[in-house]
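Visitor: Here is what each chain is made of, one letter per residue.
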Amino acid sequence: MGDNPADSVSRRSFVKYSGAAGVTGALAGCSSTGGGDGDDGSDGSDGSDGSDGSDGSDGSDGGDAPDEVIIGSNHPLSGGLSNTGERMDQAVRLAAMLKNEAGGIESLDGAELSVISGDNEGAQELGGEVAQELIDDGASVLTGCYSSPVTSAATRTSESAGVPFVISVSVANSILRETQLNYAYRPQPPADQMAIDHARLLAETVRNAGEEIETAGLFYIDISFGQSIRDALREELPANDIEIVAETAYESGDTADTQVTSLRDADPDAVIATTYRPGTIELVNAMDNQDYQPDYLTGCSNAAMNDVSALEEMGDTVEGGFATNFALDPTSDRAAEVRSRFESEFDSGFDANVAMTYAATEVIIAAIEEAASADPDDINDALGSITVEDHIAAMPPITFADNGENENALAPLFQIQDLEDRVVAPEEFAETDVQF
Amino acid sequence: MRSSFLSDACCREAPAVALGGVSGAPAGPADALGGLAALAGTFDALGTHAVLGLSLPSPTIFAQYFVFAVLLGGIYGLVALGLTMIFGVMDVINFAHGALMVVAMYAVLVFSDATGLSPFFAIPFAVVLLFVLGVVVYRSTIAPIIDAPQENQLIVTFGVLLILVSGVEMVFGSDPQQLGLDLGSLNIAGVFVPQGQLYALVIALVALAGTWLFLQRTMLGRAIRGTADNRDGAQYVGIDVPRIDALTFGIGAALAGLAGGVIPLFQSFTPALGDQYLINAFVVVVLGGLGSFPGAFVGGLIIGFIQVFGSAYLGGSTYQIVIFMAFILVLLVKPEGLLGGSADE
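Same order as they appear, the protein sequences are chains A and B. The first sequence begins at 1 in our numbering and counts up by one. The second sequence begins at 1001 in our numbering and counts up by one.
Because the hints were derived from the structure by calculation, they are not lab data. Don't be surprised by glycine CBs; every beta carbon is placed ideally from N, CA and C. Check the hints yourself; a few may be wrong.
What the hints assert, rightly or not - Quick list of the computed label-pair ranges, beta carbon to beta carbon:
| hint | chain 1 | residue 1 | chain 2 | residue 2 | range |
| --- | --- | --- | --- | --- | --- |
| 1 | A | 349 | B | 1117 | 29 to 35 angstroms |
| 2 | A | 343 | B | 1171 | 22 to 28 angstroms |
| 3 | A | 316 | B | 1170 | 31 to 37 angstroms |
| 4 | B | 1206 | A | 341 | 54 to 60 angstroms |
| 5 | A | 234 | B | 1205 | 41 to 47 angstroms |
My request is simple: use the sequences and hints to build the entire structure.
Guide: Structural data, given as structure tokens:
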């Protein structure tokens, strides 16, 4: 073996194909999931069996009210993000189902809502394609897509077609700010709002309790999602008198050993993690291995910190930690009812991503009601001026600015108590007191 | 500061002579690292953090990075072993290598869950399973086209990759899995050695030595080396080359199984993890020299050091640029790899 090298032609071939492997891997990393590390998918069933809703859907003739209005759901129903994607799709269906059970769209004489689903597989190149298919199948309004690059592609297709798109979950600032979109809306807080709320609420909560927080170390996944949050935290933490003393980038599939060594060397008061579930688990494993525990372990837009199964997996290390993310309103009885109905209907968990998707669908339904039409332009006009007060997200009434961002978007602060995420700030949405 | 969490274990405050502090395990296996850690601790105690006005990293932190680099390099070397063996003997670039690792990871998970035994018992099971799987894959997909142009085998192994990874994802989902092991770390003067990675390194070294001895000291090993040397010549002297190919692919898959089997000792895993290791394994094989076992470990160590120190001292993921710059440099200066023979031989 070692004494018998392969011939030079084979060596060139190996290098050539290794290069091809690298390029293939790099492209796969760029184009898929936004996380690359298979955040929390499960069985990857295609889930494309939405109710057909193929007739009587246009409602655009201004004459008789249509019998039904079609909502297109563009989510990852297979692949690495499918576990969450499927549940997000189910949230869209549940919102439509509950509206239909309540008599349908009142302003359209009880027209029913139909949901058709498309599987974007978490792949950027499919975002626009699936959006176009849904539009071709008669969708009057779309929602999706979870992964930011996919959403970016889908919103642009939707814009070209003149069909409104209400983002279910996608955090990257660039989606609505790279170019002016007139048909795209985002109820959830984007990356910079997440960072603003995290820095402000964390600093206020800790200091109001008589504790100190002066320094922070960042642990972020080195893709657009993590970089967006990092960039925003670079501005917002100093604005709240918190100095950033370390920044550590994490690559999907690695351990977090080196990053944790850098963090313990810098010794910040708080370690702020922005990554997907696998990255958070690796962070906690590495902290345990190095017997390192900062005063505050926090997550900014970190789904693992709002996932009970992940919290149980990470155990005591995350107990007492903080997280900022969009959330189901814990003070709302209706939100609790929706959660219960979802869990019984689909036998699966109702986490923050699912709650936000449900809230986005509530916005869509309110806009259809307001528009009294299934015409995309009418719905778009309604979205532009709508104020949705009755929704299940932990944020004030949803209303959109000219760029499509929710003017009142809020990411409340959670604390991990008994390995459950409990909202502790702001006060109007707090379900429990912070504990030290 | 809040006090409810554990105290900060930052090593600069650790006593320089406190060797052997353990999180749940004896210090024995890491004695070799003790000298380095003790030296680092002593430098820390002296406060030698700045030279000529330049801020230097704490020696203990530096030693910590060094330990992680060695551990990571060993894993990369182990991952590259099977890849370099299959290519060295058969001229087949096995794109499915990472997928075979993934099968092993989940085999360890299933075996541990089903039997309740320690995952250490599951690793031999995974190795045997992967050997059998490797032979089956070879017989069913590679053997029929072994004499076809190399692109054909490449595409076939890529297809095997897709089938295996998709199959694992359909059965287990893509949620990260972990074994729930709490092996702890050795604490040597503030330098932590995670025992999961330490065991993985030891297993990798044993695998290296065992495979090398097998190839050097057994008739079968000589037959494999003879086939690697000259396939036509091997046939002329009576070696059953198709059988050797099947055996080689099986051993390569078993080595992938070993690599995949040890990774759950220290890391959570998903169906996508194999591919992420595979990319660096390709680089390791080229750096170390095609078909060279020691080269795989040298290449692994180089990548390990670049990755660990690069991610510590360079911004973001810049270390990946450095890895591929080293890759290109070796191709330009010593294209046969650092420990590969001359192309003229």
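Visitor: Run every hint past the structure and note whether it holds.
Guide: The hints, checked one at a time:
For the pair residue 349 of chain A and residue 1117 of chain B, the beta carbons lie near 31 angstroms from each other, so the given range of 29 to 35 angstroms is met. One distance hint, 22 to 28 angstroms for the beta-carbon pair residue 343 of chain A and residue 1171 of chain B, holds here, with the actual separation near 25 angstroms. At about 34 angstroms, the CB distance of residue 316 of chain A to residue 1170 of chain B agrees with the hint of 31 to 37 angstroms. For the pair residue 1206 of chain B and residue 341 of chain A, the supplied restraint of 54 to 60 angstroms holds, since their beta-carbon distance comes to about 56 angstroms.
Checked against the hint of 41 to 47 angstroms, the pair residue 234 of chain A and residue 1205 of chain B passes, with Cβ atoms roughly 43 angstroms apart.
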